[in-house]
Structure formats: C-alpha cells, structure tokens
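Which chain is which? The protein sequence lines are D and X, in order.
When you line the first sequence up against the working numbering, it's residues 1 to 265, in that order.
When you line the second sequence up against the working numbering, it's residues 1001 to 1318, in that order.
Everything hinted at is true.
The following label-pair restraints were derived from C-beta to C-beta distances: (1) I1175(X) to G111(D): 25 to 31 Å; (2) S113(D) to N1199(X): 23 to 29 Å; (3) T1127(X) to N73(D): 49 to 55 Å.
If you want the ones that stay clear, here's a sample from chain X, every Cβ over 10 Å from chain D, calculated: (4) T1059; (5) P1097; (6) I1142; (7) L1162; (8) V1172; (9) K1279; (10) L1302.
Some, not all, of what chain X presents toward chain D, calculated at C-beta under 10 Å: (11) T1099; (12) G1100; (13) R1188; (14) L1191; (15) R1192; (16) R1194; (17) S1197; (18) E1198; (19) H1200; (20) A1203; (21) R1204; (22) V1206; (23) I1208; (24) K1209; (25) V1210; (26) R1212.
Just so you know, the hints here were simulated from the structure itself, not pulled from any lab data.
Quick reminder that beta carbons are idealized off the backbone N, C-alpha and C, glycines included.
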Amino acid sequence: MLKVNNIEVVYSDVILVLRGVTLEVGDGQIVSLLGANGAGKSTTLKAISGLLHSQQGEVTRGSIEFDGQRIDNLTPDDIVQLGIVQVLEGRPLFEHLTVEDNLRTGALFRGVSNAQLKQDLDEVYHFFPRLLEFRNRTSGYLSGGEQQMVVIGRALMAKPKLMLLDEPSLGLAPLLVQNIFRIIEQINAESGVSMLIVEQNANVALQTATYGYVMENGRVVLDGSAEALANNADIKEFYLGIGAGGERKSYRDVKHYKRRKRWLG
Amino acid sequence: MNWILVPQQFMTGILNGGTLALIALGIVLIYKSSEVFNFAHGHMVMLGAFLVWFFAGGTSQEASGMPFALPFGVAVVAAITVAVLVGLAIERFTLRPMTGQPLLAIILVTLGLAQLLEGTTTLLFGTQPKGFPSPIDSSSVITIEVPPINGQSIVFLDRIILKQVLVVTFIVAIIAAVIFILFFRFTRAGLRMRATSENHELARSVGIKVPRVFGMSWAIAGIIATIGGILLAMVSGVSINLATVALVAFPAILLGGLESFGGAILGGLIVGLVAEMVKASTVIQVRNSAEIAPYVLILIVLIIRPEGLFGRKRIERV
Ligand SMILES: Nc1ncnc2c1ncn2[C@@H]1O[C@H](COP(=O)(O)OP(=O)(O)OP(=O)(O)O)[C@@H](O)[C@H]1O
Ligand SMILES: [Mg+2]
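Build the full structure now, drawing on both the sequences and the hints.
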C-alpha cells in the first residue's frame, strides 16, 4: 500500500537529511522503523504525511506512492484524506481542549454526521476505556500514558488506512509501553489499519511488527523480518543492549566501531 | 470624588464598555488563531462604519448624489458582506505570503494595513465627518427615577439618565459577543478554530486546512469590526477618528489577557467603566485623565498578573 522509493530530503534548501530511503508497508501490516537519534526517522514519516513542507523541508529525489498514487507533492490535508494519518513525536495534544474535543478534531476533515461521529467515538472508547472516564477533562492535565491514548485515539477518528506512529513509547513506564503496544496490535487486528511505527525501543517494536527497517545517518542500512532483525547480532548489541556473549559492551570497543562502520558504508 | 455622580457614571461607563468589548473580541480572535496582534482592527471598525453610511446613502441631508440609498438593515448586510471580503483579502494577499516570516514582521504588516485602510477610506469617502443614518434618535433618553432616602439624594437630581442609543448598542454588542462565543465553542468550525489556535502543526497533522481557518478568522473579525463600527457610529457619527476611538480596545485586551474572549469582554466593560468613573472624580481636572486612566489600570494589573486577568497560563503538570 505504501512505497517509499529512494527518497532524498533536504531542509532549508541545504541540509541533506535523508540520503536514499526505501521502504514498504503492505496492507494490514505492522512495520517498524528503528534507528539512533537523528537518523532521520521522524523526517521519513513527515515526508510521507506531507508535514515536511511547513518545516521548510522538501523531497528532492525519489517518490512516495500510496495505493499506486504519487503523494509526495500533496498537502497534509490531502494526504489525511487519502487515509494516512501521522501521530507526531512527543504526543502533542490540543492541551486546552477536552479529551473528547481532541478526539473530535481527528474526524473534522471527514465531515460526517453527528450519529456517525458518536459511533466513531464509541469505537475509540472501546479500545481505550480509560478515555471514556476522562472525556470531559482538559487533556493537558492527563498523564503521559493517557495522553498517548488520546493521540492514538484521535488518529483512529480519521478512519485511516495507514497510521504513522512516532515513538509511542517515549517516556512511558515499561508496563504502560506493553499496554500501548498491545492496543496497537488490537487496533491492527480488529480495524485492519496498517502501521508504520518509529521506535527507539527496538525490543517491543520488533515484538509487535512483522517487518523492520534500521536507519543510520539518513539511510536504511538493514531490513528484514522482525524475527530476523531481533536475532541479528548488530541489532542485539546496539538496540537491544545484549552483547554477543551475553555481556554488555562499550561503544569505545574498537571492533564494535568497525562493525558499525560497515553498516554506514 | 463626587459620589452623587457615581451611579450615573457607572451606568454610562458599563454601556460604553459593551461596544469596546465587542471590538476587543475581534482582536483576540485574530490573536488566538494566528498569534498576530492586529493593529488594523480599529481601521476595520472605521471602514465598517463608512460602508454602512455609504450603502445607506448617508443621512437624509446628504442623500443627493449618493449611488445607493438602501434601507438601514440592507445597508448593514451589504457592509458586512464587503467586510468579509476585505477580511478574506487581507488574509490571502497580505498575511498568507508572510507565512514563515518572523512574527514581528507580520505584526508590522498589520500596521501598514491600518495606513492602507485609512488612505483608501479617505480617498473614497473624503476626510469630512459624516452623519450616521442611525435608526435610533440619539437625543432620546431613558430616565430612571431614584427617590431620595431619608430626604437625602443618593443620585444627582434623583434620576439616572441613560441615552437610549447607548442602551441599544450595549444590548446589540453583548448579543453579538454571545453568538460569537457560542459559535466558537459549539460548532465544528469553532472546533477547527480552537484546535488551530493551539497548535498549527498539529492541526495540519489531523487534516485541518489551516490557511482556510485563518481566512475564516479574518472574515469573522471583519463582521465583528463592522458591527462594532456601526455601534460606535450610532453614538458618535462616522469619521476617520473612529479608528482611534476603537484603539481603546487595546487596554481592554491587555487587561483581559490576549487569549481570552471572556477576558476581552470583561476588559471592555472595565475600561468603559474606568474612563467614566474618572470623569466623576477630581482627577478629571488633569487633562485627558479619562483616556489615560485605562492605561494606568493596565499597568497596575499587569504588574500583579502579567498574563492579564484571564490570560492562559501554560499548562504545566507536576
Ligand atoms: N526542520 C529542520 N530543519 C533542519 N534540520 C532538521 C529539521 N528537522 C530535523 N532536522 C535534522 O534532521 C536530522 C534527522 O532528524 P529526525 O527528527 O528525522 O531524526 P530522528 O531519527 O527522528 O531522531 P530522534 O530519534 O531523536 O527523534 C537531525 O540531524 C535533525 O537535526
Ligand atoms: Mg524523531
């Protein structure tokens, strides 16, 4: 459904951030995109959702296709209309709006009837029963986990075909991370929404996804089934924190550095 | 303080404040949606008053030689239509091209816009003040008798005299303000505007057409300004000076907090009140004290509460 073909992204006409990213998300699939800080993961998602334009960013090479249609020159609202919705990094909310108003903003562009809107809200509350309880609260005062539920719920209100999630686990306690990913799986299974999930937490991401990509310095350096990635020695060392012999290793280790370089080359 | 004058000044002050409150609302609307402080709002108010005067064909003495002579209500609708178009044009042709520029540059554009509106109005309608074809006779008054208590007058001459036109403008202003706030609070277009006012990037990410929301804000600001202009003109006639009169909305906004509609309304009433109360006091012997008073009040309020009376505090969880 989504095909990103060898894209290059430049910010402010001079800062080259993506140097050839290729990836694919199939119908109903959960794909995860891993990588260190600054690798270009968020930039990749914004290139897909069209949000780059408002940050002086531009796709200067390659193409992005969704359901066979070129989308790399469309505006964010056109792209949402096609069924791609991005959940931004840091789970930003409309802080002064209530939980339910936040959810309703997600459906605004669809222009549906009040009855339909009510039904869609109920569906979100089905996935996040907690939010029903808090529906009339000012969203800015919710806890981090609850806020994550609101932003995912708001994305669901768009009835998307593909959801782009940017670091849903950021700053959440381990138990809550498990909980959120469980719900992501449930949404995927029950509503058939495809997911492209950017994560630092490779562990949980590779448990949930069926396929994964690893980015370094604006390039995809590795990809494979989630299982293969989880068993890959480099991934184990750099993202899962498990050394080859079971003990943890230091980044200063020379051999390490060489192996790391091989990726970048 | 001349206490026996106070009840009269109090009522007049509040009534004057109604129109200010409505005008302030228009500025807050633009500020909330786009963080632009619109220095041209006073001029949109003035333009609105001129437009109604123009479409109504002036007063009966001026009528000869005017291209239109529409009934007052129709003239208002025509003026509001033009104001909406002007609002949309301002957003589309002067502010949208500035997207991404520093905020200060955009705010300076609104100052330029104020000059442009003033120049255009002078060019089209001349510099002479005009009479306003007001549907209400500005000399009729409502008298409230206040009998003395124990033979002691508590109100000057035992009566409060309210100009009928002030009562009407107050009621219209408050009704317009309430309609606007209900619209903002309870409609989908209102939700779009509330969302956009909080976070443009986020609004974009949920598929809201942000430029369209800005356009809509300016169109509504045009409507509010025109109604405000009509109300001012009913009291004091049509002239270029209306823009300056409308400037008194600035202290009202700073007082209420730039981002609060409720604050703007209350700020308007307070400023109206303070200006009149000063007239009842001995301070009136200081030249222009009634005009200066609201600013003194702001200084005091802002020292105590820098975000204004109702300004939004940043939400910070602990
Ligand atoms: N608007 C911008 N203008 C210029 N450079 C930018 C802009 N946004 C991001 N960058 C740069 O692009 C690079 C990639 O940023 P990006 O946010 O895509 O990384 P990321 O992989 O999401 O990192 P993180 O895990 O820290 O979120 C960084 O070096 C960043 O400084
Ligand atoms: Mg990121």
